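Produce the entire structure from the sequences given, and follow the hints as far as they go.
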Amino acid sequence: MDAYTNHKHNRKRLFALCQGEFFGLSAAFVSFFVSTYANASLPSMLGKLLDSSSKSSTPDNKLRMKAGVIFLLGGLGSMIRTLCLGRIEGRLRGSLMKKVMEATLSKDVETIKQHVAVVEEEEKGKEKGKNGKDSNPPTTPNTPSPSYILSTSIPSTTKTLTSTLPSFVRSLSGTFNSTYMLLSLSPGLTLYAGILVPTVGVGSVILSKFKSKQRKKREALEQLAEEIAAERIANVKLVKSSGTEASELAVYRSSVDACTAVATSQSLADGVFLGFLFTATALTLSTVLSKGGALVREGRMTQGDLTSYATYTFLLGAGAAGVTKARGEFKDGVAASGAVWRAIDEGGEVGGGAEVGGEVEDGRIEVEGLTYAYPGGDGRKVLDGMDLKVERGEVVGLVGKNGSGKSTVAMILKGLYHRGIQGGSVKVGGKEVGGGRGAKGVNVVMQEVGFVDGTVMENVLYGRQGEFGEDECRRVLSVVKGDDFVAQEGGMTKRVGINGCRLSGGQRQRVGLARGLVGRPKVLVLDEPDTYLDKDSGDIVRGCVERAREEGTTVVLISHDVDTVGMCDRVVGIEGGKVVYDGDAKGTLNILDKNGDGKIDAGEIAEAAAEAAKGTIERATGVAEKSVRQVTGDESYKFGDYTNRFLSEGDKALNKIRDEAFSQIPKQVWGEVLGDLTEQQREAFAISLIQLAATAVLAFNLSMNFVLSFTWMRAWKVVVSTTNLSPLSSPSHWSSLIARRASVEALISPLSLPLAAFCTLFILLPYKDLVEALERRMPLKRRFPIMNRVLTLAVACAAVNIGLVATAT
Numbered sequence: 124m125d126a127y128t129n130h131k132h133n134r135k136r137l138f139a140l141c142q143g144e145f146f147g148l149s150a151a152f153v154s155f156f157v158s159t160y161a162n163a164s165l166p167s168m169l170g171k172l173l174d175s176s177s178k179s180s181t182p183d184n185k186l187r188m189k190a191g192v193i194f195l196l197g198g199l200g201s202m203i204r205t206l207c208l209g210r211i212e213g214r215l216r217g218s219l220m221k222k223v224m225e226a227t228l229s230k231d232v233e234t235i236k237q238h239v240a241v242v243e244e245e246e247k248g249k250e251k252g253k254n255g256k257d258s259n260p261p262t263t264p265n266t267p268s269p270s271y272i273l274s275t276s277i278p279s280t281t282k283t284l285t286s287t288l289p290s291f292v293r294s295l296s297g298t299f300n301s302t303y304m305l306l307s308l309s310p311g312l313t314l315y316a317g318i319l320v321p322t323v324g325v326g327s328v329i330l331s332k333f334k335s336k337q338r339k340k341r342e343a344l345e346q347l348a349e350e351i352a353a354e355r356i357a358n359v360k361l362v363k364s365s366g367t368e369a370s371e372l373a374v375y376r377s378s379v380d381a382c383t384a385v386a387t388s389q390s391l392a393d394g395v396f397l398g399f400l401f402t403a404t405a406l407t408l409s410t411v412l413s414k415g416g417a418l419v420r421e422g423r424m425t426q427g428d429l430t431s432y433a434t435y436t437f438l439l440g441a442g443a444a445g446v447t448k449a450r451g452e453f454k455d456g457v458a459a460s461g462a463v464w465r466a467i468d469e470g471g472e473v474g475g476g477a478e479v480g481g482e483v484e485d486g487r488i489e490v491e492g493l494t495y496a497y498p499g500g501d502g503r504k505v506l507d508g509m510d511l512k513v514e515r516g517e518v519v520g521l522v523g524k525n526g527s528g529k530s531t532v533a534m535i536l537k538g539l540y541h542r543g544i545q546g547g548s549v550k551v552g553g554k555e556v557g558g559g560r561g562a563k564g565v566n567v568v569m570q571e572v573g574f575v576d577g578t579v580m581e582n583v584l585y586g587r588q589g590e591f592g593e594d595e596c597r598r599v600l601s602v603v604k605g606d607d608f609v610a611q612e613g614g615m616t617k618r619v620g621i622n623g624c625r626l627s628g629g630q631r632q633r634v635g636l637a638r639g640l641v642g643r644p645k646v647l648v649l650d651e652p653d654t655y656l657d658k659d660s661g662d663i664v665r666g667c668v669e670r671a672r673e674e675g676t677t678v679v680l681i682s683h684d685v686d687t688v689g690m691c692d693r694v695v696g697i698e699g700g701k702v703v704y705d706g707d708a709k710g711t712l713n714i715l716d717k718n719g720d721g722k723i724d725a726g727e728i729a730e731a732a733a734e735a736a737k738g739t740i741e742r743a744t745g746v747a748e749k750s751v752r753q754v755t756g757d758e759s760y761k762f763g764d765y766t767n768r769f770l771s772e773g774d775k776a777l778n779k780i781r782d783e784a785f786s787q788i789p790k791q792v793w794g795e796v797l798g799d800l801t802e803q804q805r806e807a808f809a810i811s812l813i814q815l816a817a818t819a820v821l822a823f824n825l826s827m828n829f830v831l832s833f834t835w836m837r838a839w840k841v842v843v844s845t846t847n848l849s850p851l852s853s854p855s856h857w858s859s860l861i862a863r864r865a866s867v868e869a870l871i872s873p874l875s876l877p878l879a880a881f882c883t884l885f886i887l888l889p890y891k892d893l894v895e896a897l898e899r900r901m902p903l904k905r906r907f908p909i910m911n912r913v914l915t916l917a918v919a920c921a922a923v924n925i926g927l928v929a930t931a932t
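Its first residue numbered 124, the sequence shown is counted upward by one per residue in my numbering.
Treat the hints as calculated values from the structure; they're not laboratory data. Nothing here was measured: the structure is a model prediction, and the numbers come from that model. No residue lacks a Cβ here, since even glycine has one placed at the ideal position from N, Cα and C. The hints are all genuine.
No more than 20 Å apart at the CA atoms, straight line, and that leaves these computed lysine to aspartate or glutamate pairs for DMTMM-like:
1. Lys617 / Asp607
2. Lys550 / Glu517
3. Lys221 / Glu144
4. Lys454 / Glu212
5. Lys360 / Glu371
6. Lys701 / Glu489
7. Lys550 / Glu514
8. Lys617 / Asp606
9. Lys524 / Asp684
10. Lys524 / Asp707
11. Lys360 / Glu350
12. Lys617 / Glu593
13. Lys604 / Glu673
14. Lys414 / Asp174
15. Lys512 / Asp705
16. Lys222 / Asp468
17. Lys524 / Glu571
18. Lys563 / Asp485
19. Lys563 / Glu674
20. Lys524 / Asp705
21. Lys701 / Asp507
22. Lys339 / Asp380
23. Lys135 / Asp455
24. Lys563 / Glu517
25. Lys185 / Asp174
26. Lys282 / Glu212
27. Lys135 / Asp468
Label-pair distances were calculated between CB atoms; the ranges are:
28. Leu306 / Leu406: 19 to 25 Å
29. Arg625 / Leu228: 23 to 29 Å
30. Gly394 / Lys617: 56 to 62 Å
31. Gln611 / Glu669: 24 to 30 Å
32. Gly553 / Gly628: 35 to 41 Å
Written out as C-alpha cells, the structure is:
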C-alpha cells in the first residue's frame, strides 16, 4: 500500500505537526477543559436557578454568583480556545504552504509536466465515467495539482487538527456528560426515553437515505441537462446548419422534464422526512415530559430537574450528531493530508533554477547524438540521435510538425529538460548543458508567455530586476514596437493583472519578445513568436531578429509561418527525432528526399515542405525560376512580363493543358509528393508549373514566328533575284508564296497544343532531385502515361513542321 494513502501513516504525521506548538496547545487545552465544564454545568445550573426562583421570592445571591462565574469562565474559555487554535492553524497552514511551494519550485519542468499530464488523464477518466462511456477508473495515481493542494488540501489538513479534532472531543465529552446527568437526574425516565428514541432514530435514518437518493438522482439529471445545453450551444453552428434545432430542443426538454419529475419526488421525500422528524420528536418529547411531569407531581423530581433533563436531552442529541460528523471530517482530513506529505517529500531544495554554471562565452550550439524521451511517458523517443550545429550569430529556423520535438530542443537548450536525456550531448558556447546545468545567457521566449501580477516593467525584466532598470526596459520595448505600453496611462508602471489578463494577445507576445532581448543574450530561442501577433507581426519578429543579429546573438526561430522562417539564414527540418533537412530556406523541394533512404517524405518531414509550399504564387514562381536557372545556367533568367502577358491573354491552349494535363499530374506523376499537400498548396504549385508552360508557349510562338519571318525574307530574296523585278510586278510568285505561308501557318496552329505540352514537360524534366525520386518510386514506363502520348504526338508534329519549313524555304 502506498504510504500516502495509509491512514495510520498520515495520522502520525498529522499529529507530529503539533510538536512545535506546545504552549499554544497547552493554553488551548486548559481553556477547552474550562469551556467544556461550563457547557456541562449550564443545564444543571439553570434548573437550580428555576427551583430557587419558584420556591422563594428571595434571590439566592450565592447561587447566582456561582452561576455568573460559571458563565464567565465558559465564555472566557471559549474565547481563549478559539484564539489559540486559530493562531495555531494559521501558523501550521503557512508552514505547510511554504513547504509545498518550495517543494514544487524545486522540481524540474519535466516532473511538473508529467504531473500535469497525470491530472489531465484523471480528468479525462472522470469525464468518461460521468458520461457512461468508460466505467473503468483512470490508471494513473491520485495526485492533485499543487494549486489544489495549496487551496484545498492544506486548509483541510490544518482544520483537522485545530477544528475537527476539538469538535470531536467536545461532542464526545458532551455526549458522555449528558448521558451521566440524565441517569443522575432520573434513571427511570432515561430508560423510558431510551425505548422511544431508537424507534425515532431508525425511521429518521431510513427516510434520510431515501431523501439522499432522490437528491443525488436530481443532481445527476440536472448535470446531464446542463451538459446537453452547453454542448448544443457550443456547437450552435452545427445545429443551425443541420437544421436540427427542433430535435435538439426536444432532447433538452425531455431532460428538463425528467429533472422536474425527480424534483417533485425529492420535495415529497424532504417533506415526509421533516414531517416525520417533527412529529416523532414532538411525540417523544411530550411523552417524556408528561412522564417527567408525573414524577414532579409525585415529588420524585423538581421542575428545575425536569428543565435540566430536557436540556440535557437536546445536548445528548447534538453531541451524538457532532461525534458522527467530526469522525467523518477527521477521516477525510487525514486522507487529504496524504497529498500534502507526498508533495513535500517529492521536492528538494530550491536552487538557482536552470541558470547555473556561469555565462556562456558565445552563441555556438553543438548538439550531437541527442536522444530524449519524456520521463514517465510511454518511452517514445521525441529526439532520436539528433545532430545540429549553429554558429555564433547565425539565425536558424526550426520547423516541424506538431510533436516533432522543436519545443523540446528549446527546453533542453535552456536546461529545463534534462531527466529525459538518454544519450548525446548539448553544448552552448562550449559549455555542456543538461543534467540541471543550464547555460546562463540563453533566453527562451515561449509560445505561451508567462506573467506575474505586477507592472509591465516588472514582467519585462522578470528575474533580472537586480541587473537592469527602466532604460533597458524602454530599449527592448522599442525593438518590439511596445512603445504603446509606455504611452498608455501609467506607462511601464501599469499593472498587467493576474497572468496578464489586462493585456491583449499581441501585447502579451510583445512583452515576451522584449523579455527575451533583455541583457543581450548569447542565444535567443523564439518558440512560435508570432502566435498572437497581428498583421504587423512579421515586422515585429523581423525587427527582433535583426536586432539580435546586430548584437551577435544566435537565434533559433521555431515557426510554421513561411514569411517568418524566410528571414532565417538556414532552415532545419525535424521529423522522427532527427534532422531531415538542413539548408537554404528557399530550397523547399530539396526536403522531399533529404533523409537519404530513397523515400519521398513530403507528408512525414517536419511540415517543412508543406509549410514552405503553402506560400504565395510569387514564392512558387521563385522556386520554378531557380530550377530553370539550374538547368540553363542563366542566373539572370526571370519569367517577368512574359508570365503576366500570357496569363492576361488567357490562351485557350494553355487552359486546356491546365484542365486536362495538370488535373492528372498530381494523381499519376507526383503521387505521394503532392498527395500529402493541401489543396491550397497544390494549387500554388500548379500555378508555378502553368507559368513554366506559359514560358514554353511564348518561346515556341517566338521561335515559329522567327522561322516564318526568315522564310518570308528568303522567299522575297529568291523572287527578286530571279525576276529582277519588284514583287508587285510578279503576281504569280507572290500568290505562290502567300499560299505556302498560309499552308504552313494552317498546319502549325493545330500543333500549338501538343508542342506546348511537350515544351512544358521538357522543362519539368530537369528537376533533378524530383526525377531521381520518381525513378526510385516507379518504373519509367508507368511514370508518365500522359507524357508518352504527348511525346509521340509532339515528335510527329515536330517532324511535319520541319518538313513544312524546309518546303517553304
